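K.L.:
Here are the chains, one letter per residue:
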Amino acid sequence: MSETEQTTDPVEVPRHAELVDEQVVAWYFLASLVYFMVSLSGGFLMAFQLIRHNPLDGVELLSPGRWRMVHTNAIAYGFLANAFLGMLHWVVPRLTLHPVLDRRLSRLIFGAWQFVVLSTAAGLLLGEAQALEWGETPVWIDPVAQLGLLLVAINFMAPICKVQGPLYVTLWYFIAAFIWTFLTYAMGNFVPEYFVTGSSAGAVGGLFIHDLVGLFVTPLGWGMMYYFVPILLKKPIWSHGLSLVGFWGLAFFYPLQGIHHFLYTPIPMFLQYGAVLSTIAVELVVTTVVINFFGTLWGDGRKFWDNMPIRWFYTGMVYYFLTCFQCALQVTMTFQQLIHFTDWVVGHAHLVMFGVFSMWLLGVMTYLFPRLLKREWYSRTLSEWHYWLSTGGILFMAGDLILGGLFQGWSWMGLQPWDHSVEISQPFWATRIVAGLAIFGGQLCFIWNLYKTWQLGPAVDSGSTPSAERAVAE
Amino acid sequence: MPHPEDKMPSQRNVMIATAVMGVIILVPSMVGFVNKLVEFSHVIQGDADGAFAMTPIVNYILATLGFLCLLLWATMHGMFYDIEGPKRTMLSREDELDADEPDTVPVWAGGHPKPKQSSGA
Amino acid sequence: MFETKSGIFFIAGLLFFGFAFLSNAVIPVLMYKDLPEKKVEELINPHLRYQFEDLAQRYPEQFKKVYGEPPEGEQEASDWYDAKCAEALRVGHKVYVGEGCWHCHSQFVRPVSNESKRWGPVSTSEEYQNELQRPVLFGTRRVGPDLSREAGRRSSDWHAVHFFRPQDLSEGSPMPRYPWLFDGSADKPNERGLGLITYVQWLGTWLDSYPYYEDYIESPIAELEKELAQSEPETESEGSEGEQ
Numbered sequence: 001m002s003e004t005e006q007t008t009d010p011v012e013v014p015r016h017a018e019l020v021d022e023q024v025v026a027w028y029f030l031a032s033l034v035y036f037m038v039s040l041s042g043g044f045l046m047a048f049q050l051i052r053h054n055p056l057d058g059v060e061l062l063s064p065g066r067w068r069m070v071h072t073n074a075i076a077y078g079f080l081a082n083a084f085l086g087m088l089h090w091v092v093p094r095l096t097l098h099p100v101l102d103r104r105l106s107r108l109i110f111g112a113w114q115f116v117v118l119s120t121a122a123g124l125l126l127g128e129a130q131a132l133e134w135g136e137t138p139v140w141i142d143p144v145a146q147l148g149l150l151l152v153a154i155n156f157m158a159p160i161c162k163v164q165g166p167l168y169v170t171l172w173y174f175i176a177a178f179i180w181t182f183l184t185y186a187m188g189n190f191v192p193e194y195f196v197t198g199s200s201a202g203a204v205g206g207l208f209i210h211d212l213v214g215l216f217v218t219p220l221g222w223g224m225m226y227y228f229v230p231i232l233l234k235k236p237i238w239s240h241g242l243s244l245v246g247f248w249g250l251a252f253f254y255p256l257q258g259i260h261h262f263l264y265t266p267i268p269m270f271l272q273y274g275a276v277l278s279t280i281a282v283e284l285v286v287t288t289v290v291i292n293f294f295g296t297l298w299g300d301g302r303k304f305w306d307n308m309p310i311r312w313f314y315t316g317m318v319y320y321f322l323t324c325f326q327c328a329l330q331v332t333m334t335f336q337q338l339i340h341f342t343d344w345v346v347g348h349a350h351l352v353m354f355g356v357f358s359m360w361l362l363g364v365m366t367y368l369f370p371r372l373l374k375r376e377w378y379s380r381t382l383s384e385w386h387y388w389l390s391t392g393g394i395l396f397m398a399g400d401l402i403l404g405g406l407f408q409g410w411s412w413m414g415l416q417p418w419d420h421s422v423e424i425s426q427p428f429w430a431t432r433i434v435a436g437l438a439i440f441g442g443q444l445c446f447i448w449n450l451y452k453t454w455q456l457g458p459a460v461d462s463g464s465t466p467s468a469e470r471a472v473a474e
Numbered sequence: 001m002p003h004p005e006d007k008m009p010s011q012r013n014v015m016i017a018t019a020v021m022g023v024i025i026l027v028p029s030m031v032g033f034v035n036k037l038v039e040f041s042h043v044i045q046g047d048a049d050g051a052f053a054m055t056p057i058v059n060y061i062l063a064t065l066g067f068l069c070l071l072l073w074a075t076m077h078g079m080f081y082d083i084e085g086p087k088r089t090m091l092s093r094e095d096e097l098d099a100d101e102p103d104t105v106p107v108w109a110g111g112h113p114k115p116k117q118s119s120g121a
Numbered sequence: 001m002f003e004t005k006s007g008i009f010f011i012a013g014l015l016f017f018g019f020a021f022l023s024n025a026v027i028p029v030l031m032y033k034d035l036p037e038k039k040v041e042e043l044i045n046p047h048l049r050y051q052f053e054d055l056a057q058r059y060p061e062q063f064k065k066v067y068g069e070p071p072e073g074e075q076e077a078s079d080w081y082d083a084k085c086a087e088a089l090r091v092g093h094k095v096y097v098g099e100g101c102w103h104c105h106s107q108f109v110r111p112v113s114n115e116s117k118r119w120g121p122v123s124t125s126e127e128y129q130n131e132l133q134r135p136v137l138f139g140t141r142r143v144g145p146d147l148s149r150e151a152g153r154r155s156s157d158w159h160a161v162h163f164f165r166p167q168d169l170s171e172g173s174p175m176p177r178y179p180w181l182f183d184g185s186a187d188k189p190n191e192r193g194l195g196l197i198t199y200v201q202w203l204g205t206w207l208d209s210y211p212y213y214e215d216y217i218e219s220p221i222a223e224l225e226k227e228l229a230q231s232e233p234e235t236e237s238e239g240s241e242g243e244q
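Residue numbers (this note's numbering), protein chains in the order written: chain B, 1 to 474; chain V, 1 to 121; chain G, 1 to 244.
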């Protein structure tokens, strides 16, 4: 142990301002929030269509079918990718004590990525989609996005490569995420489009949707948690050794599961069994990670209530455990008979994407915006509303859709006329809108709070002066 | 290997909690797993194509064994000697990095106001 | 190794990803590599040609506007119809993908949940080995019915009216309207409309037969006849037969 302290001390810690380009972080966060709201609006269009009360029915550019694709893509590439990039620009330099490769490159990537997102949206709205779930990005944008991902990896790998010796767990996840995202995007967008066809393309497509969650969003999300939870609790993660199990288990088992999205398809059955097996294996791995984090919180339970980001994080973790547990059930052949193609899956997807990763990112933003804007939050009450509306809304929505999915599955299995399954879904779809409105309202509280905070002007807190003075004095 | 500075929950409680969690998760998983294993052995015996189902299983076993060997090798070479080190290094660096930063984050938003120093130096 | 840059980069990043790609993608690709991938032109069969020429008769003006007129001579005309039909299939596929039809309609009959009773034969790998399944359209959600055995269940004008305003034909349907596939009214499908109808009428034509749409309903006609014993037993026709 004493060895650690010896190795720590000689490292000269640079000043925060030399490491982090706060402007870029703020830009990414703001951009991500814009796409977030767009995505939520797109979801509403489809939701209102399903309850047959779409006020904008029959307008080509507002077609719910196209906006459904905008909804999912804006979350993946607009909200999550942007927010994660912002977070990376904060975390990676601070953990490695080296700035990113080039600040101008960061800004270039920021611009390029917004171009990718906006042209994806434009392409989808003009009916240029590619028939790959979550990869509907029109084919002509794929190479640009691919290049962007490469630049992102280079920009962040440069500081990471300068670190000597064993890395902190967050960086393991980030390194892996950079490679995996690049490879996954290439695999999903090019292989089924140009090289293979039919069921084998289905296998690749399944691998793509799965890896996009498992190898892009998940490692960035957990890496982020391993960083922010200890610094907010002011104590180290319960066991750095146990996190090895989580990381390597994820790395090995997660990519093997793609085919579980297409059970009972013409994809060979033995491959389907393999995917099911590794899915169940990864749930055990997930449990070690969740235990590690609750071990960290142990003794500080009070902070769950007092510290809003911690509350966001741990709520997300509870939801994460729930989704993973649900996943271990739904991935079995027995469950699949009933729930495949139903709203159960939709509920599951919302719980993962909003209930876990979006909530973590919102927690990070709650912590970082005061630092980026150099002023305190305008209102804690609004923040509380943000949290409770989001948490309640997503629980309500996921529960509602999962339950609705069961009824749909039974209706189909019971060979009821098709209309029956649509009729019985109506109350569930109506409830989903209410839950969606709650979530939307929560985000409005956040944005209003952010706007008012921004209006406050920089804090005239004495805290801001010493740093400048000290810099001069030294 | 708990560090004296860590504010750790008592080891006993942690062990109990871990054991309870383990049982809650492992028991249903094992029931499901054994169930599937039996089903699987029926598939292999009954279906000519079923033998194909061996492929992923053999894959997993081989890869897992390889990984285990790697793990042993790494342990022998002292790679896990200071496995808990980086988590403390990380925290202490965070403190150093934030030493000069203004306290604009409210406590409820995760801020840690620094004790008032003799400002101005 | 387990916590160093190179270990993570090479083992977790490249090796594990490659291993997964090998076992989850390359194996099925190799297993199916002997199934030839059909071009769109090879997909045209008599059932589809029948439906396509039916469009030419139902919507002569629109058809002429989009595709022109067939040349003289029986063989030339036949080749011309084949070529235009392939063109329509491509356009229809693009519309089907671009409008996100595949997010609410699957193309994949599973061997479970009584699906073969409802839709017909369980899907096989061969069915997906063609250019129009690139990327494959298994689908992800079934708000509306599966469409992989849809051809011939309904007439083309049923589809036209249904795309124009679904609620006119299926009451309570949550399907959106698609007026932009038409030049103003349901009897004037434009290029995209004609293409989409052709595409939908193609889905399943490679099979010899499959059950009537929702054949399992316990003969509502008999019940109606009982009720309407006195008056004329007029029942609405449920589209044309599965396959001619």
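Hints in this document: simulated from the structure, not taken from any laboratory.
Computed from a predicted structure; not experimentally measured.
Treat the hints loosely; a few may be bogus.
As the list claims (entries may be wrong) - A short list of chain V residues far from chain G (calculated; beta carbon distances all over 10 Å): (1) R12; (2) I16; (3) M54; (4) T55; (5) N59; (6) L71; (7) M79; (8) I83; (9) E96; (10) D103; (11) V107.
Said to hold, decoys possible - Listed next, the in silico BS3-like pairs over lysine-lysine satisfying Cα-Cα at most 25 Å (straight line): (12) K226(G) <-> K64(G); (13) K65(G) <-> K94(G); (14) K235(B) <-> K303(B); (15) K374(B) <-> K114(V); (16) K5(G) <-> K39(G); (17) K36(V) <-> K234(B); (18) K36(V) <-> K303(B); (19) K374(B) <-> K234(B); (20) K39(G) <-> K162(B); (21) K114(V) <-> K235(B); (22) K64(G) <-> K38(G).
Note that CB positions come from ideal geometry on N, CA and C, so glycine has one too.
K.L.:
If a hint holds in the structure, say so; if it doesn't, say that too.
P.N.:
Each hint, compared with the structure:
no. : hint                : result
1   : R12                 : 29 Å, holds
2   : I16                 : 29 Å, holds
3   : M54                 : 13 Å, holds
4   : T55                 : 8 Å, violated
5   : N59                 : 6 Å, violated
6   : L71                 : 8 Å, violated
7   : M79                 : 6 Å, violated
8   : I83                 : 7 Å, violated
9   : E96                 : 22 Å, holds
10  : D103                : 33 Å, holds
11  : V107                : 33 Å, holds
12  : K226(G) <-> K64(G)  : 47 Å, violated
13  : K65(G) <-> K94(G)   : 20 Å, holds
14  : K235(B) <-> K303(B) : 13 Å, holds
15  : K374(B) <-> K114(V) : 16 Å, holds
16  : K5(G) <-> K39(G)    : 46 Å, violated
17  : K36(V) <-> K234(B)  : 45 Å, violated
18  : K36(V) <-> K303(B)  : 42 Å, violated
19  : K374(B) <-> K234(B) : 21 Å, holds
20  : K39(G) <-> K162(B)  : 52 Å, violated
21  : K114(V) <-> K235(B) : 16 Å, holds
22  : K64(G) <-> K38(G)   : 28 Å, violated
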